[in-house]
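Trainee: Place chain F on chain D using the hints.
Chains as they are written, first to last, in this note's numbering: chain D, 1 to 112; chain F, 1 to 113.
Just so you know, the hints here were simulated from the structure itself, not pulled from any lab data. These numbers come from a predicted model, not from an experiment. Accuracy of the hints is not assured; some may be wrong.
[Unchecked claim] The calculated lysine to any residue pairs, modelled on SDA-like cross-linking and capped at a C-alpha distance of 25 Å, are:
(1) F:78 - D:101
(2) F:52 - D:45
(3) F:39 - D:96
(4) F:39 - D:7
(5) F:62 - D:7
(6) D:71 - F:62
(7) D:72 - F:78
(8) F:52 - D:71
(9) D:104 - F:84
(10) D:104 - F:17
[To be verified] Here are some of the chain D residues that sit facing chain F, going by a computed Cβ distance under 10 Å:
(11) 28
(12) 32
(13) 34
(14) 39
(15) 40
(16) 46
(17) 49
(18) 52
(19) 62
(20) 78
(21) 96
(22) 99
(23) 101
(24) 104
Ideal Cβ placement from N, Cα and C applies to all residues, glycine included.
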Amino acid sequence: QQQVRQSPQSLTVWEGETAILNCSYEDSTFDYFPWYHQFPGESPALLIAIRPVSNKKEDGRFTIFFNKREKKFSLHIADSQPGDSATYFCAASPPGYQNFYFGKGTSLTVIP
Amino acid sequence: DAGVTQTPRHEVAEKGQTIILKCEPVSGHNDLFWYRQTKIQGLELLSYFRSKSLMEDGGAFKDRFKAEMLNSSFSTLKIQPTEPKDSAVYLCASSLGTGNTLYFGAGTRLSVL
Chain D
1 QQQVRQSPQS LTVWEGETAI LNCSYEDSTF DYFPWYHQFP GESPALLIAI
51 RPVSNKKEDG RFTIFFNKRE KKFSLHIADS QPGDSATYFC AASPPGYQNF
101 YFGKGTSLTV IP
Chain F
1 DAGVTQTPRH EVAEKGQTII LKCEPVSGHN DLFWYRQTKI QGLELLSYFR
51 SKSLMEDGGA FKDRFKAEML NSSFSTLKIQ PTEPKDSAVY LCASSLGTGN
101 TLYFGAGTRL SVL
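Just chain D, with the same shape it has in the complex (with noise of 0.2 Å):
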């Protein structure tokens, strides 16, 4: 069962327009989400995560939405660049260790 659902797959928006990456998970007891993004040829790396304590965290034009209720949590990426365009990543962490549990990654191309 996959534990992590992440869509869409592949997403494409205007430089200036908001992208808006989705994500689900299975088990309530996860209490860590990170977003990872990836620039082709690179390796993963954080970009913003959130704890269930709140529902809502900004870092700039990144922010991500948390709805422990129904189990999503999304980003969105304000103002986008092309220099934006790359794969992002949403993660699922459980308490007590630290095993993440992966989204398959959605493809953002960011038009000038």
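Mentor: Below, chain F without anything else, positioned relative to chain D:
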């Protein structure tokens, strides 16, 4: 501070060979992970160590994949025997522990002919 170091960066093997991939985690990190990355499956967990103890061994990979953590600063992933379907990027990652950032190495791109 050095990041996660993986060697080699590229590996080409013939079907049936044994290959060993190496990883040095960030100094002081307690958790070490091996992932396989493909376009279709994304990131799949192969093994997870905490303080050198094996915490999780990806069920689907147990038969031909074996990860070891020889000391706190070195880990290997052995694939024996290799098959063409093993062609992928193998990523090593480490973190301080629960609730901390996962740092990835540059990966080893494996091609099995």
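Trainee: Look at each hint and say if it fits the structure.
Mentor: Hints, verified against the model:
no., hint, result
1, F:78 - D:101, "holds (23 Å)"
2, F:52 - D:45, "holds (23 Å)"
3, F:39 - D:96, "violated (30 Å)"
4, F:39 - D:7, "holds (15 Å)"
5, F:62 - D:7, "violated (29 Å)"
6, D:71 - F:62, "violated (31 Å)"
7, D:72 - F:78, "violated (37 Å)"
8, F:52 - D:71, "violated (33 Å)"
9, D:104 - F:84, "holds (22 Å)"
10, D:104 - F:17, "violated (29 Å)"
11, 28, "violated (18 Å)"
12, 32, "holds (6 Å)"
13, 34, "holds (7 Å)"
14, 39, "violated (12 Å)"
15, 40, "violated (12 Å)"
16, 46, "holds (5 Å)"
17, 49, "holds (8 Å)"
18, 52, "violated (12 Å)"
19, 62, "violated (15 Å)"
20, 78, "violated (23 Å)"
21, 96, "holds (7 Å)"
22, 99, "holds (5 Å)"
23, 101, "holds (8 Å)"
24, 104, "holds (4 Å)"
Hints 3, 5, 6, 7, 8, 10, 11, 14, 15, 18, 19 and 20 from the earlier list are contradicted by this structure; the remaining hints agree with it.
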